[in-house]
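Those protein sequence lines, which keep their order, are chains L and U. With my numbering applied, the first sequence corresponds to residues 1 to 291, in that order. With my numbering applied, the second sequence corresponds to residues 1 to 430, in that order.
To be clear, the hints were calculated from the coordinates, so they are not data collected in a lab. Treat each hint with caution, since some may be false.
[As the list claims (entries may be wrong)] Heads up, simulated DSS-like pairs for lysine-lysine below, C-alpha to C-alpha not over 30 Å straight-line: (1) L:Lys-114 - U:Lys-281; (2) L:Lys-198 - U:Lys-295; (3) L:Lys-117 - U:Lys-295; (4) L:Lys-207 - U:Lys-281; (5) L:Lys-274 - U:Lys-169; (6) L:Lys-210 - U:Lys-38; (7) L:Lys-207 - U:Lys-133; (8) U:Lys-319 - U:Lys-385; (9) L:Lys-291 - U:Lys-289; (10) L:Lys-274 - U:Lys-67; (11) L:Lys-198 - U:Lys-327; (12) U:Lys-64 - U:Lys-30; (13) L:Lys-109 - L:Lys-143; (14) L:Lys-274 - U:Lys-233; (15) U:Lys-38 - L:Lys-207; (16) U:Lys-67 - L:Lys-291; (17) U:Lys-133 - L:Lys-286; (18) L:Lys-11 - U:Lys-30; (19) L:Lys-210 - U:Lys-385.
It should be emphasised that the depicted structure is a prediction, and the values quoted were computed from it without experimental measurement.
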Amino acid sequence: MSTATYRLNFKDGLWVGSFSAMASDCEVLMHNVNQMTAHQAIALAQEEALRIEKKYSRYRKDNLIWKINNSNGKPVEVDAETAQLLDYADQCYQISDGLFDVTSGSLGKAWNFKSQKEPPSETLIKSLLSHIGWHKVKWKDNKICLEPGMMIDLGGIGKEYAVDRVCQQLKVFTSSNFLVNFGGDLCIQSSAKPNTWKVGIENFPGKIIKISQGAIATSGKSKRYFIYKGKRYSHILNPKTGWPIENAPLSITVLSNTATQAGILATIAQLQGKGAENFLKNQNVKFWSVK
Amino acid sequence: MQLKNKKNINQLLALATCSLLGDAAITDVKAEEVDDWKVNTAVLFYAEDDDRVTAIETVTNLTKQVKEDETWSLRLTTDTLTGASPNGATASDIAQTFTSASGNNAYTTPAGAIPLDHEFRDTRIGLDGNWSKRWSELLSSDFGFTFSNEYDYRSVGINGMLSFDTNQKNRTWQAGFAYADDSIDPVGGVPIPLLMRFPPDPSDILDGNDGYGSSESKTTLDVILGVTQVFGKNTLGQFTYSYSDIDGYQNDPYKLISVVDGDTGSTLFYLNESRPDTRQKHSIYAGLKHLTANKNVFSPSIRYFTDDWGIDSFTVNMKYRFNLNDKQYIEPHVRYYSQSAADFYNHSLVNIDGITDTTADYRLAEFDAMTIGAKFGHTFENDSKLEVRLEYYSQNGDDNPIDAIGVQRGLDLFADVNAVILQFNYSISW
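Use the sequences and the hints to build the structure in full.
If you want it as structure tokens, here you go:
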């Protein structure tokens, strides 16, 4: 692994620190701080982001997730932070009636929206579905036990969780105003006046939101879909059927208290297909969707 | 799968998130959507050489996005024109004297020069409104009104356009119309077409009412059909057909035509011009927009126009936008235009027997025009944009037509136009 480096620039009265983590461009914008504080803050943000990436990436072989996914039916004991995240995943699964499922990652073996030209066979999907379903996971007393062949992927929470964690730590570190933005998922904390940040909304040219406290997350960042025999296959997969959700919006951006919550709401909304907007309206959250 | 019975998912999630992240999950969100007001202001200076027309135009455009799929806009335009404009009479070997449109002044054009009416001045105020709405994923509409008022001219109109997307939004079909009702109330009344007017003796100026009619009107119906097609990732093509049907008074009330002696070419007297009271125009337009690998934009287009007055025209337009950096671009622009004369255009008349329509307006003559210029754009830190456009326009007709007679052969019979256009455009949204 290469040595972690970040860039720090002073631009238009703001310190802008940036680095790469979790396959995203990450940045922290700080107002009214000196250069040393800015350096410390961006280093802190980077350290936390890389820590979470290292700990929860399913593409590594040296972490807890790999251990869980290769446990061959044996229980694996997890630390307190992971336990909290798994509890959270469990609650999201219950709240969404099983639509948000951290065990659905293996569907990626059947669907690849970057290069795919036609849908996979029903047989392949059925075989993958036999290894999907959080209800099959034994999760109790800080021990997780997966059936052989199952896997978990916290990627659906990880980046937003990292944004919120960094935001929390910066809040302790400084009373100055800052904005944490990891690949478009962002969290803002600013109590010192002037305290509003102007944020543009993805895929809504000209749409500007003034935020002094809150978070924004987008689900479905790019137009990932393919068309086969006149039918559009979107990248929003239903973990119960293994097939794409029909008429799911291309992207949904949600404003909420935390990036984690905004991200989950956006994801659950997309899983509602054409009912996405109605779902969010009923939840009384501010959102922007692109069909 | 619809979560119909779980209206409180957001609250349940907030509780779950609270145990994951602590208080942050339940602190208030402090955010407001910024009202999307967009203001666009522009000022344009237009100056023809030889002290001819100078124009200053200002445009203020206000756009408000009321909903994600609905926009209102209002545009106020003012135009001020001053200077001298050809009155239609041909150059002659003797000085020529005319009464001004108001009938109160006379002006004399020296021998050999193209007569210009120096009293040409006008102020126009225009107000346009537009309502734009997307009805579904595929269908959107635009409806608007137009209003324009000058001292001697008033126009009111409505317009509408439907756009329909097909082929995964790679193709957009458009159908639109515009209807305008204009009334013309020239200074000193409406001149009676083909009425003879003799050079007045400056001491005996016409009182401006003799032989003049009441006010006039015309209606214009435009129909537009178009298709826009996406070709791959970086290219967009547009094809448009437009049809116009104009009915009513279409003369320029301030234009004359000279009647000259068939042997000497010297001016004998003038007629008020006369144009048909109907006109049907067709035009087809084809344009491309291509985004190059380094995000420059190449926009070539062609347009062909024909009407039942006998005018055919062809336009080739090329723009190439170079991005200098993230914030600045420069866009060179070249346009070539060529038109044939209206069937009833004459630089001057010899025989007036049986004449029904005739004009000597240089805008209805055969001519070529070239526009060369460039636009520079700069985006400021607050996302406002400034654009500056500088163009040179040159219009050239036949100065020495082969049917020139006698003294006309040594004279310049076409009023060429050379003009400079400078425009500043500033837009900001908040």
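message: Which constraints among the numbered hints does this structure fail? Numbers only, ascending.
response: Structure breaks hints 1 and 4.
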